[in-house]
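Counted the way the working numbering counts, the sequence shown spans residues 1072 to 1134.
Hints were generated in silico from the structure; no laboratory data involved.
None of these values were measured; they are calculated from a predicted model.
Mixed in with the good hints, there may be bad ones.
Here are the in silico distance ranges between beta carbons for each label pair [to be verified]:
no., residue 1, residue 2, range
1, A1120, N1095, 22 to 28 Å
2, V1097, P1121, 36 to 42 Å
3, A1101, V1122, 17 to 23 Å
4, E1090, V1112, 27 to 33 Å
5, R1109, Q1089, 17 to 23 Å
6, N1095, P1121, 40 to 46 Å
A virtual CB, placed ideally from N, CA and C, is assigned to each residue, including glycine.
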Amino acid sequence: SLLYLAATILRIASAEKQELLGENDVLQLAATLKELLRREVTLMEIMTAPVNAPQFVGTFSIN
């Protein structure tokens, strides 16, 4: 199913991935994947947020 495919391609530790793939309760698997994917989305939003340049202007070089 799509849930197992999502669990397979998620970039998580092997032990955590094996635990997900071993889950027989589809609703529990969906809930766990929802948590993991929500965490990933939050991290992606933080990583792609624009940087406010004025906070880097001062006596030090941007480099």
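Hint check:
At roughly 39 Å, the beta carbons of A1120 and N1095 sit outside the given window of 22 to 28 Å. With their beta carbons about 39 Å apart, V1097 and P1121 fall inside the hinted range of 36 to 42 Å. At about 35 Å, the beta-carbon gap between A1101 and V1122 misses the expected band of 17 to 23 Å. Restraint check, E1090 to V1112: a C-beta distance of roughly 21 Å breaks the suggested window 27 to 33 Å.
In this structure the hint that R1109 and Q1089 lie 17 to 23 Å apart at CB holds, the actual value being about 21 Å. Here the CB-CB span from N1095 to P1121 is close to 43 Å, well matched to the stated 40 to 46 Å.
Hints 1, 3, 4 from the list above are not met by this structure, while the remaining hints are.
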